[in-house]
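Protein chains: 2
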Amino acid sequence: MSPETMSPEEARAAFRSGHSVPTTGWAPGRTQANLVSVPADWAYDMLLFCQRNPKPCPVLDVTDAGSWTTPLAPGADLRTDLPRYRVWEDGELVDEPTDVVGHWRGDLVSFLIGCSFTFEWSLAAAGVPLRHVAQGRNVAMYVTDRQCRAAGRLRGPLVVSMRPVPPGDLATAIQETSVLPAVHGAPVHCGDPAGLGIADLAEPDFGDPVDAEPDDIPVFWACGVTPQAAVMASRPPFAITHAPGRMFITDARDEQYRVA
Amino acid sequence: MSPETMSPEEARAAFRSGHSVPTTGWAPGRTQANLVSVPADWAYDMLLFCQRNPKPCPVLDVTDAGSWTTPLAPGADLRTDLPRYRVWEDGELVDEPTDVVGHWRGDLVSFLIGCSFTFEWSLAAAGVPLRHVAQGRNVAMYVTDRQCRAAGRLRGPLVVSMRPVPPGDLATAIQETSVLPAVHGAPVHCGDPAGLGIADLAEPDFGDPVDAEPDDIPVFWACGVTPQAAVMASRPPFAITHAPGRMFITDARDEQYRVA
Numbered sequence: 001m002s003p004e005t006m007s008p009e010e011a012r013a014a015f016r017s018g019h020s021v022p023t024t025g026w027a028p029g030r031t032q033a034n035l036v037s038v039p040a041d042w043a044y045d046m047l048l049f050c051q052r053n054p055k056p057c058p059v060l061d062v063t064d065a066g067s068w069t070t071p072l073a074p075g076a077d078l079r080t081d082l083p084r085y086r087v088w089e090d091g092e093l094v095d096e097p098t099d100v101v102g103h104w105r106g107d108l109v110s111f112l113i114g115c116s117f118t119f120e121w122s123l124a125a126a127g128v129p130l131r132h133v134a135q136g137r138n139v140a141m142y143v144t145d146r147q148c149r150a151a152g153r154l155r156g157p158l159v160v161s162m163r164p165v166p167p168g169d170l171a172t173a174i175q176e177t178s179v180l181p182a183v184h185g186a187p188v189h190c191g192d193p194a195g196l197g198i199a200d201l202a203e204p205d206f207g208d209p210v211d212a213e214p215d216d217i218p219v220f221w222a223c224g225v226t227p228q229a230a231v232m233a234s235r236p237p238f239a240i241t242h243a244p245g246r247m248f249i250t251d252a253r254d255e256q257y258r259v260a
Numbered sequence: 001m002s003p004e005t006m007s008p009e010e011a012r013a014a015f016r017s018g019h020s021v022p023t024t025g026w027a028p029g030r031t032q033a034n035l036v037s038v039p040a041d042w043a044y045d046m047l048l049f050c051q052r053n054p055k056p057c058p059v060l061d062v063t064d065a066g067s068w069t070t071p072l073a074p075g076a077d078l079r080t081d082l083p084r085y086r087v088w089e090d091g092e093l094v095d096e097p098t099d100v101v102g103h104w105r106g107d108l109v110s111f112l113i114g115c116s117f118t119f120e121w122s123l124a125a126a127g128v129p130l131r132h133v134a135q136g137r138n139v140a141m142y143v144t145d146r147q148c149r150a151a152g153r154l155r156g157p158l159v160v161s162m163r164p165v166p167p168g169d170l171a172t173a174i175q176e177t178s179v180l181p182a183v184h185g186a187p188v189h190c191g192d193p194a195g196l197g198i199a200d201l202a203e204p205d206f207g208d209p210v211d212a213e214p215d216d217i218p219v220f221w222a223c224g225v226t227p228q229a230a231v232m233a234s235r236p237p238f239a240i241t242h243a244p245g246r247m248f249i250t251d252a253r254d255e256q257y258r259v260a
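These protein sequence lines are chains W and E, in that order. Just so we're aligned, residue 1 is where the first sequence starts under full-length UniProt numbering, counting upward by one. Just so we're aligned, residue 1 is where the second sequence starts under full-length UniProt numbering, counting upward by one.
Simulated from the structure, these hints should not be mistaken for laboratory data. Any given hint might turn out to be false.
It does not matter which identical chain is meant; a pair holds if it fits inside one copy or across any two.
No farther apart than 20 Å at their CA atoms in a straight line, the calculated lysine to aspartate or glutamate pairs in the EDC-like style are these [as the list claims (entries may be wrong)]:
hint, residue 1, residue 2
1, Lys55, Asp45
2, Lys55, Glu255
3, Lys55, Asp145
4, Lys55, Asp254
This one's a predicted model, so the numbers in the text were calculated from it and none came from an experiment.
With these hints in hand, go ahead and build the complete structure from the sequences.
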């Protein structure tokens with residue numbers, strides 16, 4: 001079975017059994033989500049951080065403390081159903097396992113945050129080429145020089161994903177993503193990466209570099225790795241996140257997040 | 001000076017000096033907000049309640065504890081600049097003053113929540129008649145039989161505002177409001193009020209009844225009085241809200257919340 005024909009349930013089952021790959025291109029039309037789990041004592045700061053930075057951190061669901069379930073995917077287990085996780089202590093990466101059953105704590109509040117992989121189906125359907133998908137790579141992600149608005153103890157830089165878009169498709173790419181604010185919405189920047197303080201597109205901070213065509217314009221969308229960057233910058237005692245590009249695939253349909 | 005030509009600053013100054021009227025039709029094109037202030041101990045529940053019920057509770061800003069300022073209106077004072085407030089103890093209305101300086105507490109976290117008065121400018125510009133504005137009345141608001149998704153200690157019913165819309169304008173009304181999700185977005189219901197458990201449109205729970213034309217269709221939008229209904233249902237020890245229809249007028253422009 002190929003990723004493009006899998007149901008969300010089948011994809012989660014594959015990841016639960018240890019398959020660990022980027023989820024770009026998996027489970028067509030189903031909403032993918034970033035994960036960040038923090039102790040309950042940090043949950044208000046994280047929720048406020050997301051509210052104050054809605055472009056990178058559009059919240060799709062928040063669990064009750066200790067719960068590993070979500071109404072976005074009945075039957076799913078947030079501790080096992082992602083392809084790979086990252087475990088953080090005091091802002092340092094301490095483990096990168098394929099499940100976090102052994103790391104789980106009863107006080108963890110989990111945030112599911114919209115992911116730009118969701119709108120890639122809209123882009124593809126509208127005829128916008130996805131270079132990284134064609135090249136079989138994870139999307140390229142960069143830490144920018146823009147600071148998010150702080151919330152309590154949480155602060156950190158804006159992280160973006162970048163897709164090279166042919167000039168003739170730029171308007172379509174902007175239109176298609178604008179109507180999906182729950183998955184980052186319109187781009188935050190187009191063109192010269194220096195405008196975001198990015199020195200070299202060939203050296204992404206997360207994911208893989210992508211080969212662009214000569215006329216392509218780099219288009220930058222706010223990215224759900226931003227809360228992970230806030231964990232690194234703000235050093236809560238403990239956190240669990242997804243590994244960049246290895247998302248939680250929900251049962252929700254992208255269409256339900258379309259606003260117009 | 002008429003409300004239609006006032007700047008947000010002038011409107012706030014009028015309210016600060018005690019002028020107490022519904023704000024529908026005031027300060028064209030500027031974003032109006034519902035206010036709910038709760039003790040810091042209840043702030044996470046309120047923020048989660050808003051996140052779980054984004055149609056009635058789209059959060060525009062959250063203050064730090066004790067602060068009465070917001071970046072949405074530099075120089076404004078949330079304790080004085082609304083036309084009228086409601087003060088709640090254990091879910092009971094105990095005062096309805098024109099300022100809350102004497103009621104303020106250092107632990108209050110204030111939530112500014114999008115208001116449908118914001119999109120009335122879009123509706124008017126698109127040619128959709130606003131019956132309540134023409135009749136010089138507050139908008140009609142109703143408690144429905146739909147329960148919001150609970151969050152911690154907070155629960156309560158969905159509250160809606162209703163505007164009678166001529167059949168030929170219904171599509172436009174839906175289109176115009178759909179692209180403004182930060183101020184309640186598309187309607188939650190059109191037509192028979194019984195679908196929301198509303199027995200009699202002539203008896204709104206908040207605001208004024210409105211006279212409809214014979215062919216008008218009642219159109220219901222989620223309403224920012226919903227957190228106030230949650231205060232009544234859930235009985236936090238203390239809360240301050242705006243009085244229904246008497247909103248906080250921010251400096252933000254409605255256009256900045258348009259997603260497409």
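Tested hints:
{"no.": "1", "hint": "Lys55 / Asp45", "verdict": "within (17 Å within a copy, 22 Å between copies)"}
{"no.": "2", "hint": "Lys55 / Glu255", "verdict": "both (18 Å within a copy, 17 Å between copies)"}
{"no.": "3", "hint": "Lys55 / Asp145", "verdict": "within (16 Å within a copy, 33 Å between copies)"}
{"no.": "4", "hint": "Lys55 / Asp254", "verdict": "both (17 Å within a copy, 17 Å between copies)"}
Comparing the model with each earlier hint shows no violations; every hint is respected.
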